[in-house]
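Visitor: Chain B: place on chain A using the hints.
Chains as they are written, first to last, in the numbering used here: chain A, 1 to 298; chain B, 1 to 269.
Because the hints were derived from the structure by calculation, they are not lab data.
Cβ atoms here follow ideal geometry from the backbone N, Cα and C, with glycine treated the same way.
Some hints could be false.
Residues from chain B that face chain A, not an exhaustive set, calculated with beta carbons under 7 Å [stated by the list, open to error]:
hint : residue
1    : R8
2    : Y14
3    : M226
4    : G238
From chain B, some residues computed to sit far from chain A (all C-beta separations above 10 Å) [stated by the list, open to error]:
hint : residue
5    : R2
6    : N57
7    : I69
8    : I115
9    : F138
10   : L170
11   : L179
12   : P184
13   : G213
14   : V214
Computed, partial: chain B to chain A, Cβ under 7 Å [what the hints assert, rightly or not]:
hint : residue
15   : A18
16   : L19
17   : T86
18   : Y88
19   : F96
20   : V100
21   : A103
22   : L106
23   : F123
24   : A243
25   : S245
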Amino acid sequence: MAVAETEGVTASAGRNAPRPDGYALFWGLPLALWQGMFFLAPLAFLVVMTFWSVKNFRLEPDFDTVNWVKMWSKGYVVDTYLRTLGYAVLAAVVCSVLAFPAAYALAFKVSPAIRRLGVFLLITPFFTSYVVRVYSWQAVISDNGILNTVFAFLGFGPVEMLNTLFGTVIGYMTLCLPLVILLQLFSLANVDRSLIEAAHNLGCGRIRTIFLVIIPSAKVGLILAATFTFILCFGDFVSPVSLGGSKPPTLSILIVDTVKQGNHWPRAAVVAVTMVVTLIVVAFTALYFAYGHGRARR
Amino acid sequence: MRLDRIIRGSLLGYVFLALGFVFVPIVISFIFSFNEGRFPVLPIENFSTVWYEAIWNEAPVPRAFRFSIIVGLSVAAISTFIGFATAYTDFRYRFFGKNVYLALALLPPTIPVLILGLVMLMFLGRVSLVGELHSVIFSHVVYCTPFAMALIRLRLSQMDPDLERAAWNLGANNWRGMLFVILPFTMPSIFAALFLTAAVSFDEFMIAFFVGGVNETLPVRVLNMMQGQVSPRINAVGSVVFAVSITLVILAQVFLLTRRGTGRLKAPV
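So that you can see chain A by itself, here it is in the shape it has in the complex (with noise of 0.2 Å):
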């Protein structure tokens, strides 16, 4: 015994695989716990839970697909399932178009000091409530909001944006726009600016230097952000109830409203369980996309 440990600790100064004694076991066991015990078991007592038929308003253990079945047979689950995603790639798209010149300036043309400035300032939001910012946005785009005021003023209006798509995507932005120009920022600073030179040497315009050198360049960090973005729109619920009015209504309002006229949480259940793979399904194939290939093409 005293020989096999001793080769154990010889193996681990080599290649780093100690046997699990008491103290490895002190380290790695409380995620494995911990996220066994409130993550794991919840989330697999959610697939159960879709399972379970609603008897009398209880909920009954039963082993039944009708759930599945029940909702997805319904137009307005399936549309709304579509609308999502829509509403989801859209946000990806508007805050991943609008943060990178914000991005590029920050990554490129100003001094360090200015460009930590910039940070500091995008780090700020974090620390602020989001549901605050939600409402304050409702004061600024209501009909006799803000900007409207200042419509009147100017002479047209009032524009209704409150409770329109346009609230919406303006509450997703409020969510994400921060955080994405500071993940692209990261991933511009990386580009080699030796690349940038040698493309301008070339003869290769402004334009095209960015989208054949500096995009492709920084693409792992662009992919990110814009799936974070898919993220935390598909699932996010404040924004299209406070700044979008309900109507119509996502994924998220459909769980709750599930939940709260029928104290049907089964098929809530369902809606939760389809969302949950629709995230994994997109988180892989953008990881895939970001470094599994493309070293191929070029």
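Guide: Okay, now just chain B, sitting in the frame of chain A:
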């Protein structure tokens, strides 16, 4: 190159515009929290602190504030510990199923908070843990641990693994190596993780809304106010929260900077 200057100027203008978009809601909220009128419309009426007095005298708000502090501190301590333990495990050990282990460590933030809240409510309800302050803490730790883990892992990746081995060669056991090599090196990231997880928990409202029951934390209180009527009290609460968070962040910065400063002083010139 005039064209260069024009491009640079318009890009900088664009940055200002983007920052403006980010800060408009924060500034507006701050201004209207001092506005005497009930409705957030122009023109702005008299300066007044009436809404701050209102939230101070309204029982749920100070209570919610206290709950938020308790939850934030507990979550910061627990999730930073688990995050540190996990980051260290990833740093030092290789084992079968490590990818699954790491996925478990990083996955929770990709699940929408609405679903996490719902799932927690269903599950904790089954095991009779729901509706208490500690159910909020349990759930927030799940959500916050990945942030702590990522921060501390980042710091550990800047460390040479041979440092720890050198300590063992000099006769330190595992625990002494941890105490005198790993912990001092990761200390800045541990503080950063403490503040970040506290801030995330302090601002999280969806999970807290579902599992907290009558124990409202501050953001949940705001959410419930919003569903009621228009009230500048929300702006007042928001400004207080902002002031608290930003103070914490600045304190953390100052603390980290002075520590780094003394470190530099000790180094030979």
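Visitor: Each hint: holds or not?
Guide: Hint-by-hint comparison with the structure:
1. The interface hint given for R8/B holds, since its Cβ lies 5 Å from the closest Cβ of chain A, which is under the 7 Å cut-off.
2. Residue-level restraint check for Y14/B holds (minimum Cβ-Cβ distance to chain A is 5 Å; threshold 7 Å).
3. A hinted interface residue such as M226/B counts as satisfied when its beta carbon comes closer than 7 Å to some beta carbon of chain A; here the least separation is about 6 Å, so the hint holds.
4. Because the closest C-beta pair between G238/B and chain A is about 3 Å apart, less than 7 Å, the hint holds.
5. The claim that R2/B lies off the interface holds: its Cβ sits roughly 14 Å from the closest Cβ of chain A, which is beyond the 10 Å cut-off.
6. Listed as a non-interface residue, N57/B keeps its Cβ farther than 10 Å from every Cβ of chain A; the least gap is roughly 20 Å.
7. With a closest Cβ-Cβ approach of about 15 Å to chain A, I69/B is found to remain outside the 10 Å limit, as its non-interface label requires.
8. With a closest Cβ-Cβ approach of about 5 Å to chain A, I115/B is found to fall inside the 10 Å limit, against its non-interface label.
9. With a least beta-carbon separation of about 5 Å from chain A, F138/B fails to lie farther than 10 Å from that chain, contradicting its non-interface assignment.
10. The beta carbon of L170/B sits about 14 Å from the closest Cβ of chain A, which is more than 10 Å, so the claim that it is off the interface holds.
11. Separation of L179/B from chain A is adequate, the least Cβ-Cβ distance of about 12 Å exceeding the 10 Å criterion.
12. Look at P184/B: its CB is around 17 Å from the nearest CB on chain A, clear of 10 Å, so calling it non-interface holds up.
13. The beta carbon of G213/B sits about 15 Å from the closest Cβ of chain A, which is more than 10 Å, so the claim that it is off the interface holds.
14. At the 10 Å boundary, the C-beta of V214/B stays outside the reach of chain A, the nearest C-beta of that chain being 18 Å off.
15. Hint status for A18/B relative to chain A: holds, with the closest Cβ pair at about 4 Å, below 7 Å.
16. Restraint check, L19/B versus chain A: the minimum CB separation of about 6 Å is within 7 Å; hint holds.
17. Interface restraint check for T86/B: the shortest CB-CB distance to chain A comes to about 4 Å, inside 7 Å, so the restraint holds.
18. For Y88/B, the interface hint holds, since its Cβ comes within 7 Å of a Cβ in chain A; the closest pair sits about 5 Å apart.
19. Hint on F96/B is violated. Least Cβ distance to chain A is approximately 10 Å, over the 7 Å limit.
20. Interface hint at V100/B: violated, since its Cβ lies 10 Å from the closest Cβ of chain A, which is beyond the 7 Å cut-off.
21. Below 7 Å, beta-carbon pairs count as interface contacts, and A103/B has none with chain A, the closest being about 10 Å; its hint is therefore violated.
22. Taken as an interface hint, L106/B does not check out: its beta carbon lies about 10 Å from the nearest beta carbon of chain A, beyond 7 Å.
23. A distance limit of 7 Å between C-beta atoms decides the matter here; for F123/B the minimum to chain A is near 4 Å, and the interface restraint holds.
24. With a cut of 7 Å, the hint placing A243/B at the interface with chain A is violated, because the nearest CB-to-CB distance is about 10 Å.
25. For S245/B, the shortest C-beta to C-beta distance to chain A is roughly 4 Å, which falls under 7 Å, so the interface hint holds.
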